[in-house]
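**Student:** Listed here are the chains, written in short residue letters.
There are 2 protein chains.
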Amino acid sequence: MATARPLAPPVELKAHIEMLHEEALRAFNNRDLEKLVSFYAPDAMVMPPNQVPAAGLNAIRELYTEAFEMGFSNFQFEMTRVVPSNELVATSGTYTIDLKTPSDIIHDRGKFVAVYQVMKNGAWKVLFDIWNSDLPPVTMTMK
Amino acid sequence: MATARPLAPPVELKAHIEMLHEEALRAFNNRDLEKLVSFYAPDAMVMPPNQVPAAGLNAIRELYTEAFEMGFSNFQFEMTRVVPSNELVATSGTYTIDLKTPSDIIHDRGKFVAVYQVMKNGAWKVLFDIWNSDLPPVTMTMK
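Protein sequence lines, in the order shown, are assigned to chains R and U. Numbered as in my numbering, the first sequence ends at 143 without a single skipped number. Numbered as in my numbering, the second sequence ends at 143 without a single skipped number.
What the hints contain is simulated information worked out from the structure, not anything from laboratory work. Keep in mind that this is a model prediction, so the values were computed, not measured. Do not rely on the hints blindly, as some may be mistaken.
What the hints assert, rightly or not - Derived BS3-like pairs (lysine-lysine); straight-line CA-CA distance at most 25 Å: (1) U:K35 to R:K14; (2) R:K125 to U:K100; (3) U:K120 to R:K14.
Said to hold, decoys possible - Some chain U residues well away from chain R (every beta-carbon gap over 10 Å; in silico): (4) E18; (5) R26; (6) L33; (7) N50; (8) L63; (9) F68; (10) E69; (11) S85; (12) E87; (13) A90; (14) D134.
Every residue gets a Cβ at the ideal spot worked out from N, C-alpha and C, and that includes glycine.
Start from the sequences, fold in the hints, and give me the full structure.
**Tutor:** What follows is the structure, encoded as C-alpha cells:
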C-alpha cells in the first residue's frame with residue numbers, strides 16, 4: 001500500500017484517497033475483516049442506518065462481522081466528491097449493495113459520506129463513515 | 001453572526017462551528033427557511049434517509065420546505081466530535097426529532113455527520129450533511 005502524502009498536491013492526494021476507498025471496497029467484497037478494519041482510525045465511528053453507531057476498532061470489527069453473517073455482498077460505490085484539506089479529506093458518493101435472504105436478494109442503493117484523517121505517521125484513515133438508503137424503508141424490509 | 005476565522009487556533013474554530021450549528025438548529029425549529037439555507041455552501045449536499053440527496057441550494061430549500069410541511073419539529077442535537085483542519089471541519093453527533101402525524105407524534109433518534117468548508121470570503125459553510133436513524137425502520141413508519 002502506498003504511503004500517504006499529506007503535503008502532496010491536491011490531485012495526488014485525491015488519487016490516493018480514491019485508491020484507499022477501492023481497496024476497502026475489495027476487502028469488504030472479499031470478506032477480509034482485518035484488512036477492512038485496517039482502513040479505519042483508532043477512534044473512527046461507523047454509523048449504519050437503523051443501528052447504533054460503532055465507535056472504535058473493536059466495535060467496527062463486530063459490525064462488519066455481523067454484516068458478513070447477514071449476507072451483505074456485492075458492494076459497489078462511486079465516489080463522486082473528494083474534497084481535500086491539510087489534515088482531513090471529505091468524500092461522498094453513491095453505493096449499491098445486495099442482501100441475500102433465504103428466499104430472495106434485496107437490492108439497496110443510497111449515498112455515503114466518508115471523512116479521512118491523516119495520522120501522525122502520515123497514513124490516511126477513515127474517521128467518520130456514514131450512509132443511508134435512497135429507497136423507502138418498506139422496500140428494504142418487506143420485499 | 002460572527003465572521004469565520006479559518007486561521008484561528010483550533011479551540012476558537014471549534015467554538016465557532018458549534019455556534020453555527022446551534023444557529024442552524026434554531027433556524028430549523030423556527031422554520032426560518034432562508035436562514036437555514038444560508039448555512040450551506042452553494043454546492044452543498046444534504047443526504048436524508050430514504051430519499052435521493054438534495055444537491056445545491058435550490059434542492060436544499062425544497063427539501064426543508066417539504067420537511068416543514070411534513071410536520072418535523074423539535075429538532076435537537078448534541079455535537080460530540082468536532083475535528084478541525086485548515087479548510088474543512090468534520091463534525092458528528094446525535095439527534096432527536098419529532099414527526100407529528102394526524103394521530104400521533106413519532107419520535108426519532110439517530111446520528112449525523114456534517115462537514116464544514118471554509119469559503120473564499122472566510123465564512124464556514126456546510127458542504128455535506130447526512131444522518132440516519134438508530135431505530136428499526138418499522139418503528140418509524142408503522143407506529
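**Student:** Was E18 (chain U) rightly flagged as not at the interface, with every chain R Cβ beyond 10 Å?
**Tutor:** It holds; E18 (chain U) is separated from chain R by about 17 Å at its closest Cβ, greater than 10 Å.
**Student:** Compute the least Cβ-Cβ separation between F68 (chain U) and chain R, then decide whether it is above 10 Å.
**Tutor:** F68 (chain U) is indeed farther than 10 Å from all Cβ atoms of chain R, at 20 Å.
**Student:** Beyond 10 Å from chain R, beta-carbon-wise, is E87 (chain U)?
**Tutor:** Violated, since 4 Å does not exceed 10 Å.
**Student:** Just want to verify: L63 (chain U) was marked as not at the interface with chain R; is every Cβ pair farther apart than 10 Å?
**Tutor:** Since the minimum Cβ distance to chain R is about 13 Å, L63 (chain U) lies beyond 10 Å and the statement holds.
**Student:** Per the stated criterion, does the least C-beta distance between E69 (chain U) and chain R lie above 10 Å, as a non-interface residue requires?
**Tutor:** Correct as stated: the minimum Cβ-Cβ distance to chain R is 18 Å, above 10 Å.
**Student:** Beyond 10 Å from every Cβ of chain R: is that where the Cβ of S85 (chain U) lies?
**Tutor:** Violated: least Cβ distance 4 Å, not greater than 10 Å.
**Student:** Is the Cβ of R26 (chain U) more than 10 Å away from each Cβ in chain R?
**Tutor:** Non-interface label on R26 (chain U) holds, nearest chain R Cβ at 24 Å vs cutoff 10 Å.
**Student:** So is N50 (chain U) really clear of chain R, every C-beta pair being over 10 Å apart?
**Tutor:** With a cut-off of 10 Å, N50 (chain U) comes too close to chain R, as the shortest Cβ separation is near 5 Å.
**Student:** Run the distance test for K125 (chain R) versus K100 (chain U): straight-line Cα separation, threshold 25 Å.
**Tutor:** 40 Å, violated
**Student:** When you look at the beta carbon of D134 (chain U), is every beta carbon of chain R farther off than 10 Å?
**Tutor:** 5 Å, violated
**Student:** Checking one constraint from the list: CA of K35 (chain U) to CA of K14 (chain R), max 25 Å. Satisfied?
**Tutor:** 33 Å, violated
**Student:** Decide, holds or violated, for the assertion that all CB atoms of chain R are farther than 10 Å from the CB of A90 (chain U).
**Tutor:** 4 Å, violated
Violated hints for the displayed structure, listed by number in ascending order: 1, 2, 7, 11, 12, 13 and 14.
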